[in-house]
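There are 2 protein chains.
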Amino acid sequence: MPTAQDGFFEYLAGLDCSQLKVYGQPEGTVVFPRVPVMRLEGPLLVCQLLETTLLNACNYASLMATNAARFRIAAGPDKTLLEFGLRRAQGPDGAMSASRYSYLGGFDGTSNVAAAAAMGIVPRGTHAHSFVSAHESFADLSTRMLGEVDLLGAALGYRKEMAYASPSDSELAAFVAFAQAFPERFLALVDTYDTLASGMPNFICVALALTLQCGYKPLGVRLDSGDLAYLSKEARKLLKEADAKYGTQLAACTIVASNSINEAVLHALDDQAHEIDTFGIGTNLVTCQAQPALGMVYKLVEIKGKPRMKISQEISKVTIPAAKEVFRLLGSEHVPLLDLIVRAGETRPAVGKRMLCRHPFDEKKRCFVTPTAVLPLLGLVWLGAGAKVSEADAADAAACSGGSTSALQAGQAGREQDLRSPPPTMQATRSYVAAQLALLREDHLRAVNPTPYKVSVTSELYHYIHDLWLSEVPIPELA
Amino acid sequence: MPTAQDGFFEYLAGLDCSQLKVYGQPEGTVVFPRVPVMRLEGPLLVCQLLETTLLNACNYASLMATNAARFRIAAGPDKTLLEFGLRRAQGPDGAMSASRYSYLGGFDGTSNVAAAAAMGIVPRGTHAHSFVSAHESFADLSTRMLGEVDLLGAALGYRKEMAYASPSDSELAAFVAFAQAFPERFLALVDTYDTLASGMPNFICVALALTLQCGYKPLGVRLDSGDLAYLSKEARKLLKEADAKYGTQLAACTIVASNSINEAVLHALDDQAHEIDTFGIGTNLVTCQAQPALGMVYKLVEIKGKPRMKISQEISKVTIPAAKEVFRLLGSEHVPLLDLIVRAGETRPAVGKRMLCRHPFDEKKRCFVTPTAVLPLLGLVWLGAGAKVSEADAADAAACSGGSTSALQAGQAGREQDLRSPPPTMQATRSYVAAQLALLREDHLRAVNPTPYKVSVTSELYHYIHDLWLSEVPIPELA
Numbered sequence: 003m004p005t006a007q008d009g010f011f012e013y014l015a016g017l018d019c020s021q022l023k024v025y026g027q028p029e030g031t032v033v034f035p036r037v038p039v040m041r042l043e044g045p046l047l048v049c050q051l052l053e054t055t056l057l058n059a060c061n062y063a064s065l066m067a068t069n070a071a072r073f074r075i076a077a078g079p080d081k082t083l084l085e086f087g088l089r090r091a092q093g094p095d096g097a098m099s100a101s102r103y104s105y106l107g108g109f110d111g112t113s114n115v116a117a118a119a120a121m122g123i124v125p126r127g128t129h130a131h132s133f134v135s136a137h138e139s140f141a142d143l144s145t146r147m148l149g150e151v152d153l154l155g156a157a158l159g160y161r162k163e164m165a166y167a168s169p170s171d172s173e174l175a176a177f178v179a180f181a182q183a184f185p186e187r188f189l190a191l192v193d194t195y196d197t198l199a200s201g202m203p204n205f206i207c208v209a210l211a212l213t214l215q216c217g218y219k220p221l222g223v224r225l226d227s228g229d230l231a232y233l234s235k236e237a238r239k240l241l242k243e244a245d246a247k248y249g250t251q252l253a254a255c256t257i258v259a260s261n262s263i264n265e266a267v268l269h270a271l272d273d274q275a276h277e278i279d280t281f282g283i284g285t286n287l288v289t290c291q292a293q294p295a296l297g298m299v300y301k302l303v304e305i306k307g308k309p310r311m312k313i314s315q316e317i318s319k320v321t322i323p324a325a326k327e328v329f330r331l332l333g334s335e336h337v338p339l340l341d342l343i344v345r346a347g348e349t350r351p352a353v354g355k356r357m358l359c360r361h362p363f364d365e366k367k368r369c370f371v372t373p374t375a376v377l378p379l380l381g382l383v384w385l386g387a388g389a390k391v392s393e394a395d396a397a398d399a400a401a402c403s404g405g406s407t408s409a410l411q412a413g414q415a416g417r418e419q420d421l422r423s424p425p426p427t428m429q430a431t432r433s434y435v436a437a438q439l440a441l442l443r444e445d446h447l448r449a450v451n452p453t454p455y456k457v458s459v460t461s462e463l464y465h466y467i468h469d470l471w472l473s474e475v476p477i478p479e480l481a
Numbered sequence: 003m004p005t006a007q008d009g010f011f012e013y014l015a016g017l018d019c020s021q022l023k024v025y026g027q028p029e030g031t032v033v034f035p036r037v038p039v040m041r042l043e044g045p046l047l048v049c050q051l052l053e054t055t056l057l058n059a060c061n062y063a064s065l066m067a068t069n070a071a072r073f074r075i076a077a078g079p080d081k082t083l084l085e086f087g088l089r090r091a092q093g094p095d096g097a098m099s100a101s102r103y104s105y106l107g108g109f110d111g112t113s114n115v116a117a118a119a120a121m122g123i124v125p126r127g128t129h130a131h132s133f134v135s136a137h138e139s140f141a142d143l144s145t146r147m148l149g150e151v152d153l154l155g156a157a158l159g160y161r162k163e164m165a166y167a168s169p170s171d172s173e174l175a176a177f178v179a180f181a182q183a184f185p186e187r188f189l190a191l192v193d194t195y196d197t198l199a200s201g202m203p204n205f206i207c208v209a210l211a212l213t214l215q216c217g218y219k220p221l222g223v224r225l226d227s228g229d230l231a232y233l234s235k236e237a238r239k240l241l242k243e244a245d246a247k248y249g250t251q252l253a254a255c256t257i258v259a260s261n262s263i264n265e266a267v268l269h270a271l272d273d274q275a276h277e278i279d280t281f282g283i284g285t286n287l288v289t290c291q292a293q294p295a296l297g298m299v300y301k302l303v304e305i306k307g308k309p310r311m312k313i314s315q316e317i318s319k320v321t322i323p324a325a326k327e328v329f330r331l332l333g334s335e336h337v338p339l340l341d342l343i344v345r346a347g348e349t350r351p352a353v354g355k356r357m358l359c360r361h362p363f364d365e366k367k368r369c370f371v372t373p374t375a376v377l378p379l380l381g382l383v384w385l386g387a388g389a390k391v392s393e394a395d396a397a398d399a400a401a402c403s404g405g406s407t408s409a410l411q412a413g414q415a416g417r418e419q420d421l422r423s424p425p426p427t428m429q430a431t432r433s434y435v436a437a438q439l440a441l442l443r444e445d446h447l448r449a450v451n452p453t454p455y456k457v458s459v460t461s462e463l464y465h466y467i468h469d470l471w472l473s474e475v476p477i478p479e480l481a
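Here the protein sequences come in this chain order: A and B. Take 3 as the starting number for the first sequence in the working numbering and just add one per residue. Take 3 as the starting number for the second sequence in the working numbering and just add one per residue.
Within a straight-line C-alpha distance of at most 30 Å, the following computed BS3-like cross-link-like pairs (lysine-lysine) qualify:
| id | chain 1 | residue 1 | chain 2 | residue 2 |
| --- | --- | --- | --- | --- |
| 1 | B | 319 | A | 235 |
| 2 | A | 162 | B | 308 |
| 3 | A | 319 | B | 235 |
| 4 | B | 319 | A | 81 |
| 5 | A | 239 | B | 312 |
| 6 | B | 235 | A | 301 |
| 7 | B | 319 | A | 239 |
| 8 | B | 456 | B | 23 |
| 9 | A | 162 | A | 235 |
| 10 | B | 23 | B | 301 |
| 11 | A | 162 | B | 312 |
| 12 | A | 319 | B | 239 |
| 13 | A | 235 | B | 301 |
| 14 | B | 367 | B | 308 |
| 15 | B | 81 | A | 319 |
| 16 | B | 162 | B | 235 |
I should point out that these hints are in silico values taken from the structure, not numbers from a laboratory. Just so you know, these numbers come straight off a predicted model, no measurement behind them.
Produce the complete structure using the sequences and hints provided.
Laid out in structure tokens, this is it:
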């Protein structure tokens, strides 16, 4: 049963975005609560139809990149982080988004081969437990040899010399088979039977044979269960013992760890002086365990030049009315001091000019700022054929200036997509994210109880909001 | 840099699923921990390549349907449940999965129009806050009329007669505009300014005019903020007041509620005798807030007729070795008593035959069961052209029998997809889920501390597992 007239559907069919202007922050910009990440100007109905599409496109993407960045901060800059989330994401497309935005947030690779191929990310992973358990004995090997060397014989020789007590033969068969297929990429999953009693000894035997008999450099091991801090330290000790005996450098092998790792686990491992080089993180990364949804909203703030305001009893749900611009004000050494929201058309902040900045709702919270640099955050990213560029638009397109040189360059790279030029590469955006985070004060990035970053409004906008509020919200009548 | 030989890629390119057999439970079957939902038989490499694809396809789907079913149980059978999660799901495809599986789990409609169109689900939603805030005064109305009636004038007349204190004119303008466009679908979002002081009075004025002057039946209101239990009760009171004065039946209007609803909120609302008829649930439904990931795994259990077992220090991670079949044993009134895992080829359970059923790992947990019906859960769903049907396969295809008649029919519907016949419709699967849940004992479905449903193994399989364990796991040497 039709619930609207035919004319309405014809009207919908004729709609396009030619009257639309979209302002956005460059992808990867660090954003704070209340700061608009996007501003649309155009016919009400077109803007309204885009609401859910844009929220769907931005919410999970931003959440995922943020979560990945938090994992990166927790792991530290020297660790390798691999995204292993394909099997737990919201279907295949959810998994592709997870791979993309975890990479942008600071991950180094993904086990999702389709994502890696599509996005130019490095595909990374290890063999499966089933590869080990599919082997039963040395008889499963089609050959003992790697090139001219009896790889199995050599490995068994080292096993004897090292006097390892009870490693599994089926596991050794699997490791030999893997080393035969990938002698240059020998990375073994060592926890199928017993990490320290079987997996590590078997790895070391094959690694010694690869190194000393065949001249290859083994890559490392992966731990996927148990006490990862303890096991990684013990694993490193076993590698050093072998090095001491044979003059090898197995201790330089990579130790990969996985198994329900989350941000808290990364911090805890750090406290225990773990020996892990690479983390494979899946479930808790892609489902954003700590906060599975990001609540960005899309609100009508101005219509026909008149401000509109979403009123709510909950102050966190009140939106700031009117078309707005946002500027990041930088201090000495280009450290961001605060983000300033300005009503479009108001006087903009300027370098060297002292300015009162106010909390949008709390009259007691205010400060003066004299910025050393002013970075406009919203730039024109879509200009419909029937929409017009204002002088302010043109000024912004020219004015985007960043903090550090790299942030500036990355910012410019972000800006070059304005007016439909091609978007920056994922690598450029990833560097931009890292540069942005590097500029922030450490206390803003702290995992627990971070100092809130200031998001302010001009004094002019402050009064504008409060006058509007008082005029729109009736005073309740208690009876 | 290539990391494998060309021959390997050629080999991959020639692979297909012609040697593969897949056994699966009908979609929508209620499953319990440790019970295999799928069993694959075929070449190791083909089975291995399917691991992540199948996990990706099953994990989120099952989690979502389960979450939806929990919401349905919490809300009760009489409430309407609408999925509102598109903006918070993992991208557009994640959202489509969310819509599909929340429908299968017991939801009635979705606000995702694309999903509704693609899947034959009823699209459901309300107008936005911005529709209200886009209106500023009565001057925004292109006409006061609906047909021959001065709708605005009539509404203003009721406002005066009801002596409502301070409702917003801009909100009334929006409601009149909406009623003019959709007189038969008038459902108003009433919390833009103040639910009880403005939204409800404005709704009632327009609803009275629609009913008494125009002969339409208004649908209802939506609450999207505040204390939903309190507001719904007060809203119903206001509707009754109007009915008392005008002899209308506005109290029969639907009250829709949304705003961060989760399972706990549904239970809490119930305790407060709320007056809500329909729930719109988004974020906490589609991101599965209570448990954002389901950890189904895919394990090698048998190779060349020999059992393989995933050993782990954590008992919850130990998998049961060997190819297995699963039977649901039903008791009186066809209530499921337990699921019994049987090694493929072992003696199967039979109706009327007393049988010892054991916990797979705890020797003290065991019971005798004499089933009144035996429902095989795994059926052949894919048979490659090069794979063969066994006698057992043929018997299963014929033997699928359910608990109640409806579960049986739904089960058969599920079975008809075997051997590549078309899958059941979403509506049939949704009914199958409901029928399955209706058969379960209430204490198994309880939200808090449910009684665990028994998943057992035969005595034969019990000893088989334990003998294999003891032979595979070395005894640690403490020193």
